[in-house]
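Chemist: So the chains spell out like this:
There are 2 protein chains.
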Amino acid sequence: MSRYGKLRKEFMQKKNVNDTLSFGEVRGEVEIITIGDEILIGQIVDTNSAFIGQLLNMNGMSVKQISSVSDDRGHILAALDEAKKRADIILITGGLGPTKDDITKKTLCEYFKTSTRFDEEAYQDVVNIFATYGKEVTPINRLQAEVPAICEVIRNKNGTAPGMWFNVDGKIFISMPGVPYEMKAMMKEQVIPKLRSQFKFPVIVHKTVLTQGIGESTLSEMISGWEDSLGAHNIKLAYLPSPGMVRLRLSTKGSNEHELNAITDKKIEELKHIISEYIYGYEVYGEEKETLEMMVGQMLLKNKKTVSTAESCTGGYISHLITKVAGSSAYYIGSVISYAYEIKESELGVPHEVIMKHGAVSQPVVEQMAKAIRERYKTDYSISASGIAGPGGGTTDKPVGTVWIAIATPEKVISEKFLFGNNRERNIQKTANAALNMLRKELEHLA
Amino acid sequence: MSRYGKLRKEFMQKKNVNDTLSFGEVRGEVEIITIGDEILIGQIVDTNSAFIGQLLNMNGMSVKQISSVSDDRGHILAALDEAKKRADIILITGGLGPTKDDITKKTLCEYFKTSTRFDEEAYQDVVNIFATYGKEVTPINRLQAEVPAICEVIRNKNGTAPGMWFNVDGKIFISMPGVPYEMKAMMKEQVIPKLRSQFKFPVIVHKTVLTQGIGESTLSEMISGWEDSLGAHNIKLAYLPSPGMVRLRLSTKGSNEHELNAITDKKIEELKHIISEYIYGYEVYGEEKETLEMMVGQMLLKNKKTVSTAESCTGGYISHLITKVAGSSAYYIGSVISYAYEIKESELGVPHEVIMKHGAVSQPVVEQMAKAIRERYKTDYSISASGIAGPGGGTTDKPVGTVWIAIATPEKVISEKFLFGNNRERNIQKTANAALNMLRKELEHLA
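Chains as they are written, first to last, in our numbering: chain A, 1 to 447; chain B, 1 to 447.
Derived by calculation from the structure, the hints in this document are not laboratory data. Note that beta-carbon positions come from the ideal geometry of N, C-alpha and C, so glycine has one too. It is possible that part of the hints are untrue.
Taking lysine-lysine and the DSS-like style, the derived pairs with C-alpha atoms no more than 25 Å apart in a straight line are [stated by the list, open to error]:
{"#": "1", "chain 1": "A", "residue 1": "Lys-417", "chain 2": "B", "residue 2": "Lys-304"}
{"#": "2", "chain 1": "B", "residue 1": "Lys-157", "chain 2": "A", "residue 2": "Lys-324"}
{"#": "3", "chain 1": "B", "residue 1": "Lys-417", "chain 2": "A", "residue 2": "Lys-207"}
{"#": "4", "chain 1": "B", "residue 1": "Lys-417", "chain 2": "A", "residue 2": "Lys-100"}
{"#": "5", "chain 1": "A", "residue 1": "Lys-113", "chain 2": "A", "residue 2": "Lys-157"}
{"#": "6", "chain 1": "A", "residue 1": "Lys-84", "chain 2": "B", "residue 2": "Lys-84"}
{"#": "7", "chain 1": "A", "residue 1": "Lys-84", "chain 2": "B", "residue 2": "Lys-184"}
{"#": "8", "chain 1": "B", "residue 1": "Lys-441", "chain 2": "A", "residue 2": "Lys-398"}
{"#": "9", "chain 1": "A", "residue 1": "Lys-417", "chain 2": "B", "residue 2": "Lys-100"}
{"#": "10", "chain 1": "A", "residue 1": "Lys-324", "chain 2": "B", "residue 2": "Lys-85"}
{"#": "11", "chain 1": "A", "residue 1": "Lys-184", "chain 2": "A", "residue 2": "Lys-157"}
{"#": "12", "chain 1": "B", "residue 1": "Lys-85", "chain 2": "A", "residue 2": "Lys-236"}
{"#": "13", "chain 1": "A", "residue 1": "Lys-272", "chain 2": "B", "residue 2": "Lys-324"}
{"#": "14", "chain 1": "B", "residue 1": "Lys-441", "chain 2": "B", "residue 2": "Lys-304"}
{"#": "15", "chain 1": "B", "residue 1": "Lys-135", "chain 2": "A", "residue 2": "Lys-398"}
{"#": "16", "chain 1": "B", "residue 1": "Lys-304", "chain 2": "B", "residue 2": "Lys-184"}
{"#": "17", "chain 1": "B", "residue 1": "Lys-304", "chain 2": "A", "residue 2": "Lys-100"}
{"#": "18", "chain 1": "A", "residue 1": "Lys-236", "chain 2": "B", "residue 2": "Lys-324"}
{"#": "19", "chain 1": "B", "residue 1": "Lys-157", "chain 2": "A", "residue 2": "Lys-85"}
{"#": "20", "chain 1": "B", "residue 1": "Lys-157", "chain 2": "A", "residue 2": "Lys-398"}
{"#": "21", "chain 1": "B", "residue 1": "Lys-324", "chain 2": "A", "residue 2": "Lys-266"}
{"#": "22", "chain 1": "A", "residue 1": "Lys-85", "chain 2": "B", "residue 2": "Lys-253"}
{"#": "23", "chain 1": "A", "residue 1": "Lys-324", "chain 2": "B", "residue 2": "Lys-304"}
{"#": "24", "chain 1": "A", "residue 1": "Lys-357", "chain 2": "A", "residue 2": "Lys-324"}
Covered stretches of chain B, as calculated for chain A (at least 3 residues, CB under 8 Å) [stated by the list, open to error]:
{"#": "25", "segment": "264-278"}
{"#": "26", "segment": "411-418"}
According to the in silico footprint, chain B covers these stretches of chain A (three or more CB under 8 Å from chain B) [stated by the list, open to error]:
{"#": "27", "segment": "93-99"}
{"#": "28", "segment": "172-178"}
{"#": "29", "segment": "216-224"}
{"#": "30", "segment": "233-240"}
{"#": "31", "segment": "308-319"}
{"#": "32", "segment": "337-346"}
{"#": "33", "segment": "360-374"}
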């Protein structure tokens, strides 16, 4: 048995493969091949694969491998051959431009031992694109309408390169342009509906629990028993860390969406009892991704409350996160960035003696900063932060990464000390996330 | 001849392979394997591969393929096997976390038929990481120091997972964590120097010209004649756009570093005559990357000048960029983020009538903002910005993307109007970059 045959057998023997049953001739295993030197030399980041992976996944298909290869005939042929052995559906992007360095179409003809034909509809799309710019089709662009004889054309309303759909030996090959917005429209409007109409795929449910303020390994130890219990329900858990936060993704696959949702929700309920204080939100796959600043924004908006910030070590980053959200002017009023001691004194009323006695990174200073900005900017809530972002400025008492954060509310001022790491940029990010999470917790007390 | 043998022969026959000559046993052909379900389901975009590709390329190595596979034993084994057939150096990222879903290390042991050993140095790194957070190493993290017996450890100063270097059958396998900043530090500080010390790669010279304030296509038209002249000198040009800026990278490869530098410098001199007003700096590969905010910071520092900002549409982003730079407290004093009209009036002395008459996004408003913050925060220079970031708030007169920026200096206040696009996040970034560039131009008048 070939390695691939063996590999497939291994996959089949795995517990969850019973769910990826064969419907029609296709099992729903997909590979993506991206073609283009610019990816291999790192000139562009391949965002297409992530888009495709997400879309396929939401539609019950699993991507087994993504391969990026260069604009090289031999290399493309080898990649097609390998993908065909492993997958049922092969999605190819890139290399369809009109210039000489783009050889995907020619190579597909060679691979499928076919010649080209002129496609009237594809040509019409080229004509329309040129008409948008008030231009006639150039000879080199007329060639874009030459397609492999055995393919079905996937029309492209946004560019000159038609997509191509091949059905050979029970395998589907789909070639699309690499330009993200052309490919995206093709995937959403044509490729996915066509795949769904021809094959039946399993249901996949992903739900993500968002945590803040607990490290990956501590979290993993706390929930280890719960994690072990997931296997019995065929739920996979993934840890997705970013500065100061860990997202926990639960994934499961089957045929009954209702049941899959129910069991996943049940497990999330159990998790809540273990780590409730660290959970700041949830993401359901397919719905818009929620950030902490979006969540805080929605809570402020809903309760018609406003916020201001007084920042030192974060240097405006908290305000930036808040104002990145469209519509934030409804609840965000403004900030004082008091980087220098003098500004903390003159603008935020921190007494000179307090700074001298306790230092700028201290509880009395951040509490005064939060109190002062809230009053001065007449907001309901305020956030303040003062810390040693690094690399310089650390002492034995207050090493780099020491941060004080305060939140002023209509009733009180609360504050907390943190010890983050020694990377300046991450310390700034972690401080901002911790501050937003402290505010979120306070806002939860509202209706 | 096997398909891979054939493929290699084809590569060898290609023109540029004379440059990637074999030195020692290694030809410098590299493959990257990224491991992790989160890439395949599109939950994260794989930015690691682009970083690695770029770094290798600049050091004379060519990436032949990037493969992304899932956290699945059989699949990882198959990917290693395939990569080994094609490449001499295989870089692997991901799957090294302490949690149960990470199986790369275990699988590498299986692949190389080796067991694990406890590595004292790796353990010391784990201890140090935990010490930074004032914590003891947990049992699960102690396991991070268990490494495959036959590997050399690549130390990790930024995380708990050591990198691993394998030299088996004349092939190099390097396994690194998937966390970008851990992997990046490892690549730059250890993997690249070690590869360079063991093998000889061709000399590659990259120099980058940094431009601000001109779009990619206009730029391309302006320099088209110059661009055509590069081919004769075997210099490749790449356009690397980011919001409001385009970096032009000139790359050339050969054996004589001195000659390569000389011809590249000559071409850059020619370019200066064509687009001097848009060039704000240069980057030489291997030297630290200079951002506009770093450049401005150095100019302020050198001239012992200070700066403050008064921001509206950028919501703290300009301050964030300035304070991201270590040591910025020497020249950055603070900011007022006047998101609401009231703050522009109460804190920055913008007369109510002026806002009523001209609108918050107007020349008199930004000029007053810049003047006021400079005086109030007692700085030598100041930056102010007010604009419509979008998506809402646009009018026929002032569509989304309209931005006014002012700079106050000890002598004067200058201001400029911009019309950016309709993407909120990019408008914020473009505004910040344009503002920093305006300040840079003013600072150039200093000695």
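Chemist: Next, verify each hint and record whether it holds.
Modeler: Hint-by-hint comparison with the structure:
For the proposed pair Lys-417 (chain A) and Lys-304 (chain B), the alpha carbon gap of about 34 Å is over 25 Å, so the pair is violated. With a C-alpha separation of about 32 Å, the suggested pairing of Lys-157 (chain B) with Lys-324 (chain A) is violated against the 25 Å cut-off. As the CA atoms of Lys-417 (chain B) and Lys-207 (chain A) are separated by approximately 45 Å, the hinted pair breaks the 25 Å bound. The straight-line distance between the Cα atoms of Lys-417 (chain B) and Lys-100 (chain A) is roughly 41 Å, outside the 25 Å bound, and the hint therefore fails.
Proximity of Lys-113 (chain A) to Lys-157 (chain A) is assessed by CA-CA distance (about 28 Å); at most 25 Å being required, the pair is judged violated. In summary, the hint linking Lys-84 (chain A) to Lys-84 (chain B) is supported, as the alpha carbons are separated by about 20 Å, within the 25 Å threshold. Note on Lys-84 (chain A) and Lys-184 (chain B): the hinted pairing is violated, with a Cα-Cα distance of about 34 Å set against a maximum of 25 Å. Of the supplied pair hints, the one linking Lys-441 (chain B) and Lys-398 (chain A) is violated, its CA atoms being roughly 39 Å apart against a limit of 25 Å.
The straight-line distance between the Cα atoms of Lys-417 (chain A) and Lys-100 (chain B) is roughly 31 Å, outside the 25 Å bound, and the hint therefore fails. For the hint pairing Lys-324 (chain A) with Lys-85 (chain B), the CA-to-CA distance comes to about 47 Å; that exceeds 25 Å, so the pair is violated. Taking the CA atoms of Lys-184 (chain A) and Lys-157 (chain A), the gap is about 11 Å. The hint holds against a cut of 25 Å. The suggested pairing of Lys-85 (chain B) with Lys-236 (chain A) is violated, with an alpha-carbon distance near 32 Å, which exceeds 25 Å.
Among the hinted pairs, Lys-272 (chain A) with Lys-324 (chain B) is inconsistent with the structure: their alpha-carbon atoms are about 36 Å apart, more than 25 Å. The hinted pair formed by Lys-441 (chain B) and Lys-304 (chain B) meets the criterion: a straight-line CA distance of about 17 Å does not exceed 25 Å. Among the hinted pairs, Lys-135 (chain B) with Lys-398 (chain A) is consistent with the structure: their alpha-carbon atoms are about 16 Å apart, no more than 25 Å. As the CA atoms of Lys-304 (chain B) and Lys-184 (chain B) are separated by approximately 34 Å, the hinted pair breaks the 25 Å bound.
With a C-alpha separation of about 54 Å, the suggested pairing of Lys-304 (chain B) with Lys-100 (chain A) is violated against the 25 Å cut-off. Distance restraint check for Lys-236 (chain A) and Lys-324 (chain B): the Cα-Cα separation of roughly 38 Å exceeds the 25 Å cut-off, and the hinted pair is therefore not satisfied. Taking the CA atoms of Lys-157 (chain B) and Lys-85 (chain A), the gap is near 41 Å; set against the 25 Å cutoff, the hint is violated. For the hint pairing Lys-157 (chain B) with Lys-398 (chain A), the CA-to-CA distance comes to about 21 Å; that is within 25 Å, so the pair holds.
For a cut-off of 25 Å, the pair hint linking Lys-324 (chain B) to Lys-266 (chain A) is broken: about 43 Å separates their Cα positions. At roughly 38 Å between alpha-carbon atoms, Lys-85 (chain A) and Lys-253 (chain B) are farther apart than 25 Å, so this suggested pair is violated. The suggested pairing of Lys-324 (chain A) with Lys-304 (chain B) is violated, with an alpha-carbon distance near 33 Å, which exceeds 25 Å. For the hint linking Lys-357 (chain A) to Lys-324 (chain A), the alpha-carbon distance of about 37 Å lies beyond 25 Å, and the restraint is violated.
For the segment 264-278 of chain B, the stated coverage by chain A is violated: 0 residues have a C-beta nearer than 8 Å to a C-beta of that chain, whereas at least 3 were required. Only residues whose C-beta sits within less than 8 Å of a C-beta in chain A count toward coverage, and the segment 411-418 of chain B has 0 of them, not enough to reach three; the restraint is violated. With a cut-off of 8 Å between beta carbons, the segment 93-99 of chain A has 0 residues touching chain B; three or more are needed, and the interface restraint is violated. Restraint check on the segment 172-178 of chain A versus chain B: 0 residues with Cβ-Cβ distances below 8 Å, three needed, restraint violated.
Remark: the segment 216-224 of chain A is confirmed as covered by chain B, as 5 of its residues place a Cβ nearer than 8 Å to a Cβ of that chain, reaching the required three. With 5 residues carrying a beta carbon less than 8 Å from a beta carbon of chain B, the segment 233-240 of chain A meets the three-residue requirement, and the given coverage holds. For a cut-off of 8 Å, the count of residues in the segment 308-319 of chain A with a CB near a CB of chain B stands at 8, and the three-residue condition holds. A stretch counts as covered by a chain when three or more of its residues have a beta carbon under 8 Å from one of that chain; for the segment 337-346 of chain A and chain B the count is 6, and the coverage holds.
Counting residues of the segment 360-374 of chain A whose C-beta sits closer than 8 Å to any C-beta of chain B gives 0, which falls short of three, so the coverage hint is violated.
Comparing the model with each earlier hint shows violations of hints 1, 2, 3, 4, 5, 7, 8, 9, 10, 12, 13, 16, 17, 18, 19, 21, 22, 23, 24, 25, 26, 27, 28, 33; every other hint is respected.
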